[in-house]
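S.K.: Same order as they appear, the protein sequences are chains P and W.
The numbering of the first sequence is the numbering used here, which starts it at 1 and goes up by one.
The numbering of the second sequence is the numbering used here, which starts it at 1 and goes up by one.
Note that these hints are calculated values from the structure, not bench results.
Some hints here could point you the wrong way.
Here are the simulated distance ranges between beta carbons [stated by the list, open to error]:
no.: 1; chain 1: P; residue 1: Asp5; chain 2: W; residue 2: Ser59; range: 55 to 65 Å
no.: 2; chain 1: P; residue 1: Gly134; chain 2: W; residue 2: Leu10; range: 32 to 42 Å
no.: 3; chain 1: P; residue 1: Thr31; chain 2: W; residue 2: Leu10; range: 20 to 30 Å
no.: 4; chain 1: P; residue 1: Val248; chain 2: W; residue 2: Thr63; range: 27 to 37 Å
no.: 5; chain 1: W; residue 1: Ala17; chain 2: P; residue 2: Thr128; range: 27 to 37 Å
no.: 6; chain 1: W; residue 1: Ala17; chain 2: P; residue 2: Gly134; range: 52 to 62 Å
no.: 7; chain 1: P; residue 1: Gly134; chain 2: W; residue 2: Ser22; range: 26 to 36 Å
no.: 8; chain 1: P; residue 1: Thr31; chain 2: W; residue 2: Asp69; range: 35 to 45 Å
no.: 9; chain 1: W; residue 1: Asp61; chain 2: P; residue 2: Ala211; range: 42 to 52 Å
no.: 10; chain 1: P; residue 1: Pro221; chain 2: W; residue 2: Asp7; range: 28 to 38 Å
no.: 11; chain 1: W; residue 1: Leu10; chain 2: P; residue 2: Asp69; range: 51 to 61 Å
no.: 12; chain 1: P; residue 1: Thr158; chain 2: W; residue 2: Phe88; range: 35 to 45 Å
no.: 13; chain 1: W; residue 1: Ala72; chain 2: P; residue 2: Thr167; range: 37 to 47 Å
This one's a predicted model, so the numbers in the text were calculated from it and none came from an experiment.
Idealized CB from N, CA, C, for every residue including glycine.
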Amino acid sequence: MGSTDDHLVTYVLRQGDRALILAQRLLEEITHAPEIEEDMALSNLALDLIGQARGLYTYAGELEGPDDDGNARTEDHYAYWREQHEFLNPLLVEQPNDDFAHVIGRQFLHDAMALPYWQAMMSSGDDTLAALAGKTVKETAYHLRHSRSWVVRLGDGTDESHRRMQTAIDHLWRYTGELFERDEVDDSLVDAGVAADADAVRDEWRRTVDAALTEATLTVPDDGVMQSGGRHGRHTEPFSYLIGEMQVLARAHPGASW
Amino acid sequence: MSGSTSDWPLWEVFVRAKRGVSHVHAGTVHAPDAELALQNARDLFTRRSEGVSLWVVKSTDITASDPDDRDAFFDPAADKSFRHPTDFDLPDEVANM
Chain P
1 MGSTDDHLVT
11 YVLRQGDRAL
21 ILAQRLLEEI
31 THAPEIEEDM
41 ALSNLALDLI
51 GQARGLYTYA
61 GELEGPDDDG
71 NARTEDHYAY
81 WREQHEFLNP
91 LLVEQPNDDF
101 AHVIGRQFLH
111 DAMALPYWQA
121 MMSSGDDTLA
131 ALAGKTVKET
141 AYHLRHSRSW
151 VVRLGDGTDE
161 SHRRMQTAID
171 HLWRYTGELF
181 ERDEVDDSLV
191 DAGVAADADA
201 VRDEWRRTVD
211 AALTEATLTV
221 PDDGVMQSGG
231 RHGRHTEPFS
241 YLIGEMQVLA
251 RAHPGASW
Chain W
1 MSGSTSDWPL
11 WEVFVRAKRG
21 VSHVHAGTVH
31 APDAELALQN
41 ARDLFTRRSE
51 GVSLWVVKST
61 DITASDPDDR
71 DAFFDPAADK
81 SFRHPTDFDL
91 PDEVANM
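Only chain P is shown next, with the shape it has when bound in the complex:
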């Protein structure tokens, strides 16, 4: 372990898991959104994220090569056959849907990071990641537009929508620090010109968040103690239920197809 290739696999899986787990949470919300139009909007976001995860998992499989039995690792392997501690998504995206404000708050805090992240990745020295970034930037720009619209409308809406939106932002804030954490994986890949500089992404994120929350008449929370661990496979309790539901069909009927 510790070689650049191992680091790159970890790095790619972190991005893929971030997209897949957020998509899974969004899909739980389908039929629970305020209107069927919003069900459509959220499922479109989820489909984009699943597409991103597929591209990243396929790349991780190419990097890792065949397993001990000589089988290539596919996107399904990463989604359905890994255990909880092998998922490397940040804790933010696995947080439960609680209410619509939490769904939107989680999405917004994520998208405000994802857009500058993928914009930076368009000039990655890794050709595959740069190509994925080119496609993902357009999708993410739309995601941010949608989630930001809702943050502003709920924050600057009724007393109850304002209260719920503020509660969601306050609750989710503790998971935002992890989005910009760096470890030896990030540092080595930043040095190699492959990974985006987390500090620059955080500056852009902060500008987007400050502007949106201000427009929404919401208060930007103070940075208190930040929760982290997801990027190292340590997840919050609700994650085990999420992953159980996500994997049950594939595990009950291995190899099943439509």
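With chain P's structure known, arrange chain W on it following the hints.
M.R.: Frame of chain P, contents of chain W only:
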């Protein structure tokens, strides 16, 4: 979060399929405001690359002709064929007329 459709106004959606042709009425969406109506219309009516431009108009802002007025409104045009430019030959290069 039990949604109640009555809370959100209805918007008429117009889609332009490509440059050079008019926006055509495609259907309706519910949305709390114009920006989200545009986003909902995007998700419902252009998800298979049907359009390059979208308009949304609040349904209540449209003034429509009354079906009962149909005879008075439209029948008087029926016997005035001289209003149709039938004697002009349209060049092949002119599309979308």
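S.K.: Taking the hints in turn, state whether each one holds.
M.R.: Verification of the supplied hints:
no., hint, result
1, Asp5(P) x Ser59(W): 55 to 65 Å, "58 Å, holds"
2, Gly134(P) x Leu10(W): 32 to 42 Å, "37 Å, holds"
3, Thr31(P) x Leu10(W): 20 to 30 Å, "21 Å, holds"
4, Val248(P) x Thr63(W): 27 to 37 Å, "54 Å, violated"
5, Ala17(W) x Thr128(P): 27 to 37 Å, "35 Å, holds"
6, Ala17(W) x Gly134(P): 52 to 62 Å, "26 Å, violated"
7, Gly134(P) x Ser22(W): 26 to 36 Å, "33 Å, holds"
8, Thr31(P) x Asp69(W): 35 to 45 Å, "42 Å, holds"
9, Asp61(W) x Ala211(P): 42 to 52 Å, "31 Å, violated"
10, Pro221(P) x Asp7(W): 28 to 38 Å, "29 Å, holds"
11, Leu10(W) x Asp69(P): 51 to 61 Å, "57 Å, holds"
12, Thr158(P) x Phe88(W): 35 to 45 Å, "59 Å, violated"
13, Ala72(W) x Thr167(P): 37 to 47 Å, "58 Å, violated"
The structure fails to meet hints 4, 6, 9, 12, 13 from the earlier list, while all remaining hints are met.
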